[in-house]
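Engineer: Could you build all of it, start to finish, from the sequences and the hints given here?
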Amino acid sequence: MVSIYKISLNEYIFSVTTIAVILTITCVYLVFKLVIQTQKLNKFRYRLKVKNEQAYENLQYELHRRRLSFDRNNITANYINSVFQTMEDGFVVFDESQNIILINPSAIKLLNADKGVFFKADSKLYGEKFQEMTRICQKVLETDTSISEIVKFDNDKFYRYTVSKIFDKYSDGKFMGLLVSVTDISETEQSDRLKKEFIENISHEFRTPMTLITGYIEMLRMWHDLEDDVRERAYDVIEFETTRLNSLVDELVTLSKVDGDFKPETSIFDVNKTLALLVESLREFEKKRNVQLNLIKHKDEILLSVSKNYFIQAVSNIIENAIKYTYKKDTIEIKISLEEDLCKIEIKDNGPGIDEGHLHRIYDRFYRLEKDRNSESGGSGLGLAISKDMITSMDGSLKVISEVNVGTTFIIEIPIFKGE
1 MVSIYKISLN EYIFSVTTIA VILTITCVYL VFKLVIQTQK LNKFRYRLKV
51 KNEQAYENLQ YELHRRRLSF DRNNITANYI NSVFQTMEDG FVVFDESQNI
101 ILINPSAIKL LNADKGVFFK ADSKLYGEKF QEMTRICQKV LETDTSISEI
151 VKFDNDKFYR YTVSKIFDKY SDGKFMGLLV SVTDISETEQ SDRLKKEFIE
201 NISHEFRTPM TLITGYIEML RMWHDLEDDV RERAYDVIEF ETTRLNSLVD
251 ELVTLSKVDG DFKPETSIFD VNKTLALLVE SLREFEKKRN VQLNLIKHKD
301 EILLSVSKNY FIQAVSNIIE NAIKYTYKKD TIEIKISLEE DLCKIEIKDN
351 GPGIDEGHLH RIYDRFYRLE KDRNSESGGS GLGLAISKDM ITSMDGSLKV
401 ISEVNVGTTF IIEIPIFKGE
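In this text, residue positions in the sequence shown follow my numbering: the first is 1, and each later residue adds one.
FYI, nobody ran anything at the bench for these hints, they're computed from the structure. One thing to keep in mind: the hints can contain errors.
Derived DSS-like pairs (lysine-lysine); straight-line CA-CA distance at most 27 Å [said to hold, decoys possible]:
#1 K139 / K195
#2 K129 / K169
#3 K257 / K157
#4 K328 / K287
#5 K129 / K152
Because the structure is a prediction, the values reported are computed rather than measured.
Structural biologist: This is the structure we're talking about:
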């Protein structure tokens, strides 16, 4: 009896356990299925089982339509987010209480802000660029008009702030907040300033010789009994200023070519031989200014593969500059050397030198030291600018070392030609 009872009890426990396991598995399956169906339904992808065929088709069509709309909205949102995150311009969105709800990485960088900008922190913590934005936002709220304003900062930075109100067109034009765009226009402003200066300078450079030429022509017409030396002086001035105008026009044409897409023809040539010929061509100018040119060649041949015309003109401009400003009876040294893969040309004079405060501007177009403007140098202030641009187009560099009352050294470095 005991044995039969134990068997029956074991069977009973086994049966109960089996039923419990089956019920647990069933419950888990039903819950899991419910979760999956809920997710599908949320994305309009669940196929409902409806007994009425027409109702079934209508419902499936509506679910399909909404699923497509859901997918399109997701894709659109992803595109908008990607564009918003990668735009170079900064964008900031404020709600109706002037709390920032959206700001892209460019705005954070331009405004020198950080993630704390989303909290109600003091705007002073984010610097003057951020404060300017909040000032313009307040102005828009007070005047009820959109505003686009350019602000200049101390470090020669120019920002354009554009602020406008946002309205909900689906809720009777309800005011939602402000949209701000921030653009760094420093390069554009700098370019406009340089263009303005260029026009002013070129007008001055043309006007001065034209005034002299016109004045002497009128004198020659009005006074027929001028003495010969006075008449010759007038002719000399007219000839000098006419030559100066022609040189200025030639320099402007060259400058436009260097600035543009013009690609000069390149050739392979030896620097030693080329500079020797250049120095010989300047002997007459050298004698006229009573200075001496001393060319120190490199012991070996140095080949370049660049525009030979550009090379000659760039070096010639610098040597001529040295001749103009070197004291009489002094020597100008032109040394050619090789440093690794670079041809190095040093043009050293013992002239008055350039003050450190002017060194950063010597490559600016039309820039000349004030003491040189009324001198006999006759320079337009374009020579060094042209040389700099030409050497840069050869993948080279132009540096200057100068000390007042000691002299100036220009250093040209251009990659050598290593062969095919």
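Engineer: If a hint holds in the structure, say so; if it doesn't, say that too.
Structural biologist: We went through each hint and held it up to the structure:
1. K139 / K195: Not satisfied, since the Cα-Cα distance of roughly 33 Å exceeds 27 Å.
2. K129 / K169: Status violated; Cα separation ~31 Å.
3. K257 / K157: The given pair, whose Cα atoms are some 30 Å apart, is violated under the 27 Å limit.
4. K328 / K287: Roughly 10 Å between the alpha carbons, so the hint for K328 and K287 holds.
5. K129 / K152: Measuring from Cα to Cα gives roughly 10 Å; hence the hint holds.
Of the hints listed earlier, those the structure fails to meet are numbers 1, 2, 3, in rising order.
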